[in-house]
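Chemist: Chain residues, written in single-letter form:
Protein chains: 4
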Amino acid sequence: MAAELPKKQTPLALRKPGQGNTLVPITPDVCFGGEKLVLIGGPCAVESQSQILETALAVKNGGGVMLRGGAWKPRTSPYDFQGLKEEGLLFLAKAREATGLPIVTEVLDPRDVAIVSEVADMLQIGSRSVQNFPLLREVGLTNKPVLLKRGMMTTVDEWLAAAEYILAAGNANVVFCERGIRTFDSTLRNTLDVGAVAVLKQKTHLPVIVDPSHAAGDFRYVAALARAAVAAGADGLLVETHCHPADALSDAGQSLTPEQFAQLKTECSAVASAVGRVL
Amino acid sequence: MAAELPKKQTPLALRKPGQGNTLVPITPDVCFGGEKLVLIGGPCAVESQSQILETALAVKNGGGVMLRGGAWKPRTSPYDFQGLKEEGLLFLAKAREATGLPIVTEVLDPRDVAIVSEVADMLQIGSRSVQNFPLLREVGLTNKPVLLKRGMMTTVDEWLAAAEYILAAGNANVVFCERGIRTFDSTLRNTLDVGAVAVLKQKTHLPVIVDPSHAAGDFRYVAALARAAVAAGADGLLVETHCHPADALSDAGQSLTPEQFAQLKTECSAVASAVGRVL
Amino acid sequence: MAAELPKKQTPLALRKPGQGNTLVPITPDVCFGGEKLVLIGGPCAVESQSQILETALAVKNGGGVMLRGGAWKPRTSPYDFQGLKEEGLLFLAKAREATGLPIVTEVLDPRDVAIVSEVADMLQIGSRSVQNFPLLREVGLTNKPVLLKRGMMTTVDEWLAAAEYILAAGNANVVFCERGIRTFDSTLRNTLDVGAVAVLKQKTHLPVIVDPSHAAGDFRYVAALARAAVAAGADGLLVETHCHPADALSDAGQSLTPEQFAQLKTECSAVASAVGRVL
Amino acid sequence: MAAELPKKQTPLALRKPGQGNTLVPITPDVCFGGEKLVLIGGPCAVESQSQILETALAVKNGGGVMLRGGAWKPRTSPYDFQGLKEEGLLFLAKAREATGLPIVTEVLDPRDVAIVSEVADMLQIGSRSVQNFPLLREVGLTNKPVLLKRGMMTTVDEWLAAAEYILAAGNANVVFCERGIRTFDSTLRNTLDVGAVAVLKQKTHLPVIVDPSHAAGDFRYVAALARAAVAAGADGLLVETHCHPADALSDAGQSLTPEQFAQLKTECSAVASAVGRVL
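Quick mapping for you: the protein sequence lines, in order, are chains C, X, A and P.
For what it's worth, my numbering labels the leading residue of the first sequence as 80, then goes sequentially.
For what it's worth, my numbering labels the leading residue of the second sequence as 80, then goes sequentially.
For what it's worth, my numbering labels the leading residue of the third sequence as 80, then goes sequentially.
For what it's worth, my numbering labels the leading residue of the fourth sequence as 80, then goes sequentially.
All the pointers check out, no bait thrown in.
It does not matter which identical chain is meant; a pair holds if it fits inside one copy or across any two.
In silico DSSO-like links for lysine-lysine, alpha-carbon gap of 30 Å or less:
hint, residue 1, residue 2
1, K344, K282
2, K223, K282
3, K95, K115
4, K344, K115
5, K139, K223
6, K173, K115
7, K344, K173
8, K282, K95
9, K282, K115
10, K164, K223
11, K164, K139
Note that these hints are calculated values from the structure, not bench results.
This structure is a prediction, so every number in the text was calculated from the model and none was measured.
Work out the full structure: start from the sequences and follow the hints.
Modeler: Next comes the structure, spelled out in structure tokens:
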């Protein structure tokens, strides 16, 4: 009765003895898992054409090589801004056209995977969707690389098993993104788990990046967490950036200005060199 | 740009001053939120026609008034048994026909809501889906009562906000189900949060039941947690039952035999009387 | 080099196959671990002679059989009220004289064990001291029964091992007190772990009681947690009571008035009967 | 009645506007809080004269400037090795004589503060003692610098308040040591909270170091966590080292060999340079 399932096998996400790092290329210039770290910048949500365009230019000028921005936003309350949806995708596409930056954006609903895949260079699975198995299968059936965020409550092994849904469906291009876990301490929004980065780099052959913005929840601590992530071995950073943080419709407190973003890039480049990498 | 959203309002889930308890009826005989508690029994997963039929009869004989059983199973690994799907629904329908017990079963994918709604008397949103907002909206568009399980790391306020997605979509029949949260202590599978039951009974007008089986993860402690839940004010219990626990395809260790289920019913009836309720 | 240590042995706290419940008597009338539950009431801190006396009378009238009250208070900040110390002990002794209620009070410092033992009928080890091993050894060398509270971060096995320090030092009279653990959810002050009560009642032969006041941190939820504790199998309750909660120097929000205390007693007596016990 | 307490005041641990970093000197050559990071090495427990001497030499050769080693060991079970106590202090003193490395060692009992202070250059308050207020006061009355480890479930604010007990007693030389917190995920022994380092460096003027060994609990991940700590702004590292880890009486799995320790030093020196520091 479980005949349609793949047979039990060594999980595809796990590094076999002697296996090297898998590269997940996005464009000819941007690739996860190599010597060069990938710096992604952009706002929490796409709010307007001018906002995403202005931010994309700032990201590019600040040294970012990829643009993030949410068109569909998972919000705790149904009465909060839910994203511009299809219109947001169009705005992202125009920002890519203007800057050359490839786009990563979140997909929330399996029924939206096709339309998001038409525009996005990389599909993001958000924290709340890490065990949304129908969605994982659906993105596994596309040929788009997938950025798989850790859930606030997900163990490393559950996270690897979530990736396995994508891999087992035929999509080999998965990048993990640690973004902080939920603990007893609410000093910061979440607790960045740099240990998970170190463990994953050993357990899996796939790339692992870090989102220091959601972990910190406070722009003052984003750079310190980003430096720690690079020092621990992360393959890239996903950093919230907004040209006018005070006006952001979501996550205002944790967004960096373009100046702060460029400063983070400089600091993290130095740390990357110290651990034999390039940013 | 967020024009299609309901306006900000007092959340529908919250109890207004002086507001009584909302009743969520399933059949003329089974109703959540009244003096009488609702005892639901059944296996984790529907495994075969004979298994679900045998269990349904045992549940009925043991004093249960509603049947649970998963046709779609959210499993951590893609290589584990994922449920019998449509065939499982048919088996559940035949068990209902034979016993008269209404059915609650989980729906995982917004694309399956229509087909599950055709058979189920109540739709279950599982722990991993508590913030699957497209799915919440979709079940909110049906006229089926919804059993909304708490996530393993969902705060009470986030849980109320998740219910709000269903209510805001037009479906007023939501029942909360506490099932244990994830903490530092792994003595049991999860930590049953009876305090959340007490708080919810104050904050919301909607019914609140408890699943002691997933909280305990061990059949030896299910009855104690069930008694505690009733004493704390729960409006019902969702208890895993299996006629042959050793053969269960999932959650074997926490399933009660028919005899244990009947014993739990007797114990919880006494506690219900002690708090002015009936079971 | 570890020659002075007891040899590795089966832990004394664990229930051997077939072993019954150990009784921990405090006075001829008050005993933990038998059919009859022990209801302890009293303020967080002893604040004055009149306060503790008035409260003791209220506890007695409300059906309590033992008096709690802190003379030494462990406070997060050094600038908060730290307790009346020796003077507080004298006030407690006079309250006992007036009411006949035996006294349980906390000892924080191994150097104070002798002086506290002179007055107290039972020594309380607070949550923050559960792994204060020198203190555990010191109370283990007395002949006073010990109430061992669970730490906010203590697993059941660590808690059993903490009791073992007392037992191994020669004091066989240990009573466990669950008081809520720290989790990600701060809806209530702590998360009452009724599952731990059920597990301990199986693992150990020693009595287990519950402090619903520190778990709830809010007087509105204390009775619900108390009922849940009794239903789960607790051997007693430790309930904060204050005749004028608004004036309390600590833990004002979670203290019950004498009327609420008496009401809790009535409710919990009914639940105790339902589980074959007496309160 | 609380007359003997210091008056409410701005906590001494908090950084006042414009206040610089406080230096905590141990010897003329070793100082916490300056440009130069402090690398501490040594075993979990002092096991014998030869063991601690051999390890001290290895620490010195590997670039460490201070020696750790426990003479009194807080152990979960009373049947585990509890340390060599006074004899251990003597062994530590001889290791210092031979190498010139100052010593930090744990004190568990307020009654041992005097004897430990006679030998130690710095007193360590362990994780389980972070809210042992009598002990904090007692070390606050000495003139020895204090290394205050974070508890497994201590918030940043509680940790600052614990330091305040020492500062309020008159001892201004406190160094914080983050060592991982307890969370739902047991992939590693604890979850290193690099965010707490970043927050503390802003909130307090006192130095903050990191113990990557207890956080990882596994030698394979210690260096990655150490690099992350330095990148996040830590003022030093406390690293478990053992010449023969397989023979260690405690914490064998997380101890580095002398070669691994020297390698960690090299890696962390590079990261320190990248963030404008020296190691």
